[in-house]
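Enquirer: With chain A held as given, fit chain B onto it using these hints.
There are 2 protein chains.
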Amino acid sequence: MALYPELDTPSVLIDLDVMEDNIARMQAVADRAGVRLRPHTKTHKSPWVAGRQAEKGASGVTVAKIGEAEVMADGGIRDILIAYPLYGEYKLRRLRPLLERVKITLSLDNAEVAEGISRLGQETGRKIPVYLEVDTGIHRLGRDPGMETVEVARDLVKLPGIDLIGLITHAGQGHDARNREELIGVARHEGRALLETAEMMRREGIETREISVGSSPTAPFVSEVPGVTEMRPGTYIYNDVMQIDAGVATQEQCAATVLVTVISRPAPDRAVVDGGSKTFSSDAPASYGHGEVGPRRHPGFGMVVGRPDLILQRLNEEHGMMGLADPSMDLKVGDRLRIIPNHVCGMINMHDEVIGVRGSLIERTIPVAGRGKIR
Amino acid sequence: MALYPELDTPSVLIDLDVMEDNIARMQAVADRAGVRLRPHTKTHKSPWVAGRQAEKGASGVTVAKIGEAEVMADGGIRDILIAYPLYGEYKLRRLRPLLERVKITLSLDNAEVAEGISRLGQETGRKIPVYLEVDTGIHRLGRDPGMETVEVARDLVKLPGIDLIGLITHAGQGHDARNREELIGVARHEGRALLETAEMMRREGIETREISVGSSPTAPFVSEVPGVTEMRPGTYIYNDVMQIDAGVATQEQCAATVLVTVISRPAPDRAVVDGGSKTFSSDAPASYGHGEVGPRRHPGFGMVVGRPDLILQRLNEEHGMMGLADPSMDLKVGDRLRIIPNHVCGMINMHDEVIGVRGSLIERTIPVAGRGKIR
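Protein chains in written order, with the numbering used here: chain A, 1 to 375; chain B, 1 to 375.
Think of the hints as simulated: they come from the structure by calculation, not from any bench. Only true hints are included.
Identical copies carry no separate label here, and so any pair may be met within one copy or between two of them.
With a Cα cut of at most 20 Å, we get these calculated SDA-like pairs of lysine to any residue:
{"id": "1", "residue 1": "K373", "residue 2": "E353"}
{"id": "2", "residue 1": "K103", "residue 2": "R36"}
{"id": "3", "residue 1": "K103", "residue 2": "R119"}
{"id": "4", "residue 1": "K127", "residue 2": "E210"}
{"id": "5", "residue 1": "K56", "residue 2": "D21"}
As the structure is a computational prediction, the values presented were derived from the model and not from experiment.
Isolated chain A (complex conformation) (with noise of 0.2 Å):
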């Protein structure tokens, strides 16, 4: 019985009973620490997906592009951060009519984009909440901690179009701890820093009162740091080899599986399926984005369900090139597997639509309504 007889292939499943308990899970989480659980939208890019997590307790949604935030506030989504630093005209002109239609917060690093908002807020008559931004690990944007941070949040203050709420991170850096151990480390600096700058500011007069952190390998250890307001995981909704290898998701957690066919069997220790960079994305073993090659354990392009002797060794734009550890396994021309991406986030945005299972049922059509937005 071939599996989901229903689908051509490739197609994105996303298993629904896996989604609730990880959002139920996620939520707890938030709860328990009582800080705020704003989930990150660039892993479902779905306002469908987005309406689950209010329903259980998400204060609202994090995005990074003014595209988002619009297809976000189509689906009903009233309480949106654009956690990126908006610059130029353009941007701000579409920003304007989403002042007035949700509530919107907006994070940047540094005094020249905050200008142009401070602009808009003046001339729309309110001081639209900003977070400071501060780099604690990641090295993309911010400051260090500390008074490199305070002299941005210095002049800052001094923008009349604007209202600084707080300090931000994103410690994406955590998928690179080699253990459980380093892990929590990193979750309890991007907090504990956020707090401390926060302290510092105080001390020169600038008054916050709100501390975000956000990534899912770092988000089950909120708690360690009491003062911490919001949190903004975003991978945990779906999981992927990532989080399995972070040690913060089990294979069984994972929600999201790109079914493929196997179309070719041209040497006994080679299949090739039907899916490739054009369908997983090229995001790539020894290649998270964040420097060097982290401590993962799984081989290969993703996790073949079931199948621990399959190594998804290769992708070309539509091919998929498996190595069979053992040829002596049954693996045919038409057979489908399912495979967890490495990184689901790109993976789902390769695509305008993923398939709602429950196991073996089709459920719905959810509609991958901000991919690509990139603006």
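Expert: For chain B alone, kept in the frame of chain A given last:
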């Protein structure tokens, strides 16, 4: 004066003058060699661009998916090679109406796939033309040249609903050639291996007429092997860092660039631009998908036009982390840069539309109508 002030960023620019030169140059290569040029549309995914190639002499197009064939047929292309093994009832059901609308040729590498296609041929009262794919070194689909392939051909000619018209291959491993001599060696092997295998088939009474090769790096050398009838390069239409590194394109021959804005200067040696893996794809310096790392010369995730002092070192989904070789060089928040992607096919597939320009003038929006057609 900002680059392209009419556009928000990130935006994908296609320099149409450069594109037209690339079309003319490759058509001249094909014409001189007496070989039909059937460009692969995986790079541009646009019927409009395919039309520009056809105007200059292209004999048709190559696609990988039924959905891409549908888009090209809708866009007026009348001769389409689907160079991908189509397996299963869903795909054959969609193939049927295409057979009535346009000239369709298929490729495959095994009898299991061929049997389904043969049944469709019989049901629709025709012999569907198919190529047999041969592995000339990329180790993707296909058996080795010689008797391995002849054995598959013997099975195919027994099937009543297909017409085995010839042999096809893709020597994508040309990207890993260390110098021009090695690359010419790959191109010679690509053509000769097919011709020798066709001759072996002929001795067994299996007459075929077509020899189809293709990859952008080997394409300029197609005249090295008399007897090739068709070539299918794709990337040459826009070119990218991979083509530069393979020695078959210059930076000036790269038509596609991503226009980005500097959104932060968090450290003297770091700038962050508003394009990451969701804009460029995550096709990485050390991972072109052909196995081992090739002998590439350009570091990073793209080349910054006119700024060799800037290296796009890391990508997160929405962030491009750029290293400054010389922190004293000018680069500030709001500055715009144009970046040539490593792998243009992967980049284009992230976008719903691209912007056709001539120098600094904006000429047209080009929908990427074939984007994301995973089936």
